[in-house]
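S.K.: The primary structure of each chain is shown beneath.
Number of protein chains: 2
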Amino acid sequence: MITPPSAEARREAGERLGALAVPAGALGRLGELGVWLAACQGQVPPAAPSNVRLAVFAGDHGVATHGVSAYPAAVTGAMLGVVAQGRSGVDALARAHGVHVRLVDVGVDHESGHALHVRRGSGAIHLEDALTHAETLQALEVGAAVAREEIAAGADLLLSGDLGIGNTTPAAALVAAGLGVPAEQVVGRGTGVDDAGLARKTAVVEQALQRAGARADDPVDCLTALGSADLAAAAGYVREAARAGVPVLLDGLMAVACALTAERLEPGVAAWCAAGHRSTEPGQSLALEKLGLEPLLDLGLRLGEGSGAVAAVPLVRAAAALLGEVALLAEVLPPDA
Amino acid sequence: MITPPSAEARREAGERLGALAVPAGALGRLGELGVWLAACQGQVPPAAPSNVRLAVFAGDHGVATHGVSAYPAAVTGAMLGVVAQGRSGVDALARAHGVHVRLVDVGVDHESGHALHVRRGSGAIHLEDALTHAETLQALEVGAAVAREEIAAGADLLLSGDLGIGNTTPAAALVAAGLGVPAEQVVGRGTGVDDAGLARKTAVVEQALQRAGARADDPVDCLTALGSADLAAAAGYVREAARAGVPVLLDGLMAVACALTAERLEPGVAAWCAAGHRSTEPGQSLALEKLGLEPLLDLGLRLGEGSGAVAAVPLVRAAAALLGEVALLAEVLPPDA
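Protein sequences appear in the order of chains R and P. Residues in the first sequence are numbered from 1 upward in steps of one, following my numbering. Residues in the second sequence are numbered from 1 upward in steps of one, following my numbering.
It is possible that some hints are incorrect.
Going by beta-carbon spacing under 10 Å, a handful of chain P positions derived as facing chain R [what the hints assert, rightly or not]:
id, residue
1, LEU20
2, ALA24
3, ALA48
4, TYR71
5, ALA78
6, GLN85
7, HIS97
8, GLY192
9, ARG302
10, ALA311
11, PRO314
12, ALA327
Just so you know, these hints were derived from the structure itself, not from any lab. The structure displayed is predicted, hence computed values, not measured ones. All residues carry an ideal CB built from backbone N, CA and C; glycine is no exception.
Excised from the complex, chain R in its bound form (with noise of 0.2 Å):
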């Protein structure tokens, strides 16, 4: 059980948000998201979050050769170059916003040599395990490590991001896990596969549920049946995070279903997250339901590597300028008030 963000500081924001000389309540949603700042910083104001970090986890899935993509499972490659190259979309709004990126190839199909990539791809999952136990363990492992790689860089505000084709197969397949929901409900489009691709992906997911069995119960054998390298990782990554009292703001299917796993992993985590946007992916929203979390942004972004979240990011930042700054009441009404 992860210790939860201080109470004493959501109670003592809270008094703070009401007695600001503003209408009740005209902060919003703003308001909310300063208040869960101020606990999981356990300060009041909390400091606007200065030095945002980014891990992007990268990886390939099996299922991508099996027809559930709009695209083919090499772009993966590519997109890791562009990634590299700071030319992607996340590279942009990160630049535009402050946002320390890191990429992180845990499971990408290629001779990596780095200590942190765990396998080439991960198994296709209505197939076979993504991941032995072993691969499981130690794909949670590194994403612990890059969290407190980060937070060791001095992380006032943990996100997440994805990168690999097919990998929203494996995220819905974990929000269904997780939820006890069955396939249709969970899949999406992805980036943009068409009817008969939704469908061969819906049975995916299906056969891979079937497959594991009662194993989906179990959040490591979850991973290990249903997961990959990369998300096993960032479901790591979220709950280290969580278990040192760093904030986490989450971004898309990837993400809130890896949010969704840490929970289970250990009760808790979500406490420490908000969620950036609401994905078009409707695994997402159910997952983010039982989180208890609502998206900040509603933009139909499906850039996936975390950009949702760092769109977000000036939310965060404002929420914290709103609570600190804003005159209180108290001294604005005149002194015989």
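Once you've looked at the hints, dock chain P against the given chain R.
M.R.: Okay, now just chain P, sitting in the frame of chain R:
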């Protein structure tokens, strides 16, 4: 008729959007926003707005003493001081997002002595005209002069905000008159009026519309009969920005009611506008629909002062960054592809 944004730049920006190395439509609302910005600037890719300037138009309203607001009229003067000291909600947001704030006291009920001050408060619109015809023309020119000054100071994106107890009542009346709809469709709770207050407010707007009669068909007469000095100035401001070819990011009910009125004064204003934040006031959504605009944010903010527009400024910058910095598919594909 105002010269529209560049159709050529819009076309070219749309082509660039379609050529980016991202799935089709993956930039969502930020893609559309980038194309709009490019059309306004007449260049592809567009530059991220770096000199964003907000003018907050302040005024008192005769209706405020007739039970339409949750707050007494004296709060306008107090809030003027809070904004001037940089301690208001919009000040905090503007500092967080690098937006310049200018407070323009057009019609607060006090001796001002400033050349831009048109009158002490505006008339209670259900009983009398808000302004004389001459005052309406003067206030429109005040707003235009402010826009010219802000543009001369280098503004590449203009925002307008509002300050003044009771101002949602004349703004709702302007929307009702502009759209030809009854009072109950446009009146909301403003800063938080109760059911009885909402009924009084609706009755005031209905009475004002009946009093104005056919004068509501003319936008200048409409401002004279149903508006206020500060709202007329805000309408003049957005019209002048559009005339000068400077894009405008709209805030809540007041800004949108004034943009609607400006569009009636001179068609073509709306093409230079984007909408920052969905107001809880029903009149804002109706007017936006008429103008063909859809807000970027929906955070439940009810701060006024232009805060919803300021909160959306990072999204405009993000849109420019995405359209300008993301790799083109042709750059990413291998040479033989």
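S.K.: So, ALA327 (chain P) near chain R? Judge it on the closest CB pair being under 10 Å.
M.R.: 4 Å, holds
S.K.: Let's test the interface hint: is any C-beta of chain R closer than 10 Å to that of ALA24 (chain P)?
M.R.: 6 Å, holds
S.K.: For the hint on HIS97 (chain P), just tell me whether its beta-carbon gets within less than 10 Å of chain R.
M.R.: 6 Å, holds
S.K.: Quick check on GLN85 (chain P) please, does its C-beta sit within 10 Å of some C-beta on chain R?
M.R.: 7 Å, holds
S.K.: The hint names TYR71 (chain P) as touching chain R; please verify it with the least Cβ-Cβ distance against 10 Å.
M.R.: 8 Å, holds
S.K.: Regarding the hint that ALA78 (chain P) lies at the interface with chain R, is the smallest CB-CB distance below 10 Å?
M.R.: 6 Å, holds
S.K.: Against chain R, run the beta carbon of ALA48 (chain P) and see if the smallest gap drops under 10 Å.
M.R.: Status holds, d = 7 Å.
S.K.: Going by Cβ atoms only, is ARG302 (chain P) closer than 10 Å to chain R?
M.R.: 4 Å, holds
S.K.: Hey, does the LEU20 (chain P) contact hint survive, CB to chain R under 10 Å?
M.R.: This interface hint holds because 8 Å falls under the 10 Å limit.
S.K.: Does the nearest C-beta of chain R fall within a distance shorter than 10 Å of the C-beta of ALA311 (chain P)?
M.R.: 6 Å, holds
S.K.: Holds or violated: is there a CB of chain R closer than 10 Å to the CB of PRO314 (chain P)?
M.R.: Holds - the Cβ of PRO314 (chain P) comes within 10 Å of chain R, reaching about 4 Å at its closest.
S.K.: Does the CB of GLY192 (chain P) sit less than 10 Å away from some CB of chain R?
M.R.: Check passed: Cβ of GLY192 (chain P) comes within 5 Å of chain R, closer than 10 Å.
Hint compliance for this structure: no hint is broken.
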